Amino acid sequence: MIRMLNVVLLATTLIVLVGVYGLKYSVEDIAAEKAAIERQIDRQTGVLSLLKADWSYLNQPAHVAPIVVRHQQALGLVPTGQEQFGRMDNLPMRPAAPDTAALDDLLNSLDAGIDPIGQLIEAN
Amino acid sequence: MAILSEVAETISLDGGRKSRGNLTKARIRWVIVALVLVFGTVGGRLIQLGATVTDSTIEGVARDVITASRPPILDRNGLEMAVDIRVPSLFAEPRRIVDVEEAVQKLRTVLPDLNEDWLRNRLTGDKGFVWVKRELTPAIQERIYQLGIPGLEFVTESKRFYPSGKEASHILGAVNIDNQGTMGIEKHMDDDSLAVLQSIGIARDTDLTPVSLSVDLRVQHVMYEQLQDALVRYKAVAAAGVMMDVKTGEIVALASLPDFDPNNPSTLFQDYNGVKNDRFNRITSGIYELGSTFKTVTLAGALDSGKVRITDEFDARFAVRFGRFTIDDFHGKHRVLSVPEVFKYSSNIGTIKIMQELGKDEFRDFLTKIGMDRTVPFELPEMRKPKVPDKFSEIVAATSSFGHGLSVSPLHMVRAVAAFVNDGYMVPPTMYKRDEAEARQLYEPVISPSTSAEIRYLLRLNAIGAGGSGSRMNKIANGYRVGGKTGTAEKVVNGRYASNVNFNVFASAFPLDKPRYAMVIIVDEPKAENEQTGVTAGWNAGEVTGRIVQRVAPMLGIAPDFGEMLDQNLVPVELR
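Chains X and P supply the protein sequences, listed in that same order. Quick note on my numbering: the first sequence kicks off at 1 and runs consecutively. Quick note on my numbering: the second sequence kicks off at 1 and runs consecutively.
Simulated from the structure, these hints should not be mistaken for lab results. Just so it is clear, the structure is predicted and the values come from calculations on it, not from any experiment. Be a bit skeptical, because a hint or two may be false.
[Claimed, not checked] Which stretches of chain X does chain P cover? Using the computed rule of at least three CB atoms under 8 Å from a CB of chain P, they are:
id, region
1, 15 to 25
2, 43 to 50
3, 54 to 63
[Unchecked claim] DSSO-like mimics (lysine-lysine), calculated; alpha carbons at most 30 Å apart, straight line:
id, chain 1, residue 1, chain 2, residue 2
4, P, K433, P, K385
5, P, K166, X, K52
6, P, K491, X, K52
7, X, K52, P, K187
8, P, K333, X, K52
9, P, K527, P, K333
[Said to hold, decoys possible] Distance windows between CB atoms, simulated:
id, chain 1, residue 1, chain 2, residue 2, range
10, X, I41, P, D278, 41 to 47 Å
11, P, G151, X, L17, 37 to 43 Å
12, X, L17, P, R29, 25 to 31 Å
Cβ atoms here follow ideal geometry from the backbone N, Cα and C, with glycine treated the same way.
Model the full assembly from the supplied sequences, consistent with the hints where possible.
Pasting the structure below:
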């Protein structure tokens, strides 16, 4: 009985020994992996912070304004004047009914083979 | 009995077993002693290891503090004004360096600006940690790694970066190399709470809640650009401006020139055109005689007391004499002037008469009521106490009524103007975002709503009335219902007022039919732009105000309106 118990205990000890040995190495592997990932995260947050700083720099009015000035001449840019602002109620009202006669004329002339765009080009 | 007899029979055998038993006992004892010793050693070592304190400080500063980050600072629309970037810093462990000479030579190929002797001294010795160079770029870090010098290591630090550069320098302030705020809002954040957070190590991670300021970077940019333009256009020595939301007290823009680069804080101490310490914040820590803009304050006090009514008239025919001093008008009309005319023609005589009607002690009390004699409660730490005499004599009261003989900061002025147009409710200015409901709890009534309406009329009248000093401003910002008061103060040179050296101010508010923003612009020692122009405030500070409003009003959601009804509605019933 005692011999049986000893054998079982010995076997358990051996198994546990091997298990702990394996566990130790796998923990070391995982720790190394974790350290590597942490280093990578650290590096990437560093890069990310630089990119974010870059992005906010590019969005600054202080950065955009000189670009506007540089292209002012080529694009004909001028600051918006007061008279350039309008309101909805300043727009003319829509005509009460569509001008059906004019539309009919246009369709008839198209049917007759007259090209209104071509006429415009010729006129100029 | 049986046992006794048995023992007696086998004496010799028993002795052998006993001696073997004793031997076993002795062995067991030795094993126990050995085990106790072994486990004792192991346990002792564990306690020793547990008690060891690892030195985590870097040259006396905790590592956490060095790598601590600061929250990003955003403007009111969420655009970054200050961010943290993670940068590598190079340090050395001299006790691990094998060949100092080789290390010095190799390092200098990458960092040639390091002094050779200094570096050699630094790397020699038995120290565990010395900084070599802080805040490098990742590219340089890579090159130093490739040199493969043992004993050189990097630690990642947080470095503050201000993407807006100089534009908001006086608002943001600066930080030192250990990431602690030294001025501006950065210092205020530290004094407030951040230092505590950093010291207990909470502020180490990068995801801190951003701080939202009240500043609108677009408005700030326009103001900065226009002030720079003013320096060139009027050959001024300095220019500054501040814009405040009258309803909430939020500072929308604040700029002061000459300025510095917060990314390189040492520029603050550089001389400007040969003048030392000239780059301070003129809005908060500059105190000035604000000249005729102060007439707005005098009139507000007098009208609110009820002793002066807007329909009253004052005799401005003759100069006022105090002993050997005579005070006259700059553009003298020398006739009887109504109250609006006194304001429009900026009559010193008329203003003195109005102040005398109010009474000099009452006038002094009104200044206390609107906080002119105390520092404005404000977040920026750069503050200077205003100079207002504790008791007014007749002559000091007279000069004070038109802004001479007392010095206050432009921030005092903008707060007062904001209160005067905001139905008389004064609200403390702030650099942080604040909504109107929150601001209402801080409202402090200083004048009545009806006096406020009269002041709005006077300010607008000065911009649209014939001969008003704000007409040049209104021409530029036409349609945005701006009104304001000029102030052309003579500067004191060698102890006396010099008539050709001016300090010009323009205090304004817009849109006056529904006041939302108050602004003060100062231009120090402006010269005439060309032969046809003048040097008084309407020509420079006024025009700058006009140009700023013209640009920023659409950004702030104010549509131009040329309707004359709006202006007519501002006229008090008594004058219609």
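Verification of the hints:
1. 15 to 25: With 0 residues close enough to chain P, the hint is violated.
2. 43 to 50: holds (count 5)
3. 54 to 63: Result for this restraint: holds, n = 7.
4. K433(P) x K385(P): Holds, at about 25 Å.
5. K166(P) x K52(X): 19 Å, holds
6. K491(P) x K52(X): 47 Å, violated
7. K52(X) x K187(P): 23 Å, holds
8. K333(P) x K52(X): 61 Å, violated
9. K527(P) x K333(P): Between K527(P) and K333(P) the Cα gap is close to 26 Å, so the pair holds against 30 Å.
10. I41(X) x D278(P): 41 to 47 Å: 46 Å, holds
11. G151(P) x L17(X): 37 to 43 Å: Distance hint for G151(P), L17(X) holds at roughly 40 Å.
12. L17(X) x R29(P): 25 to 31 Å: 29 Å, holds
Checked against the numbered hints given earlier, the structure breaks hints 1, 6, 8 and satisfies all the rest.
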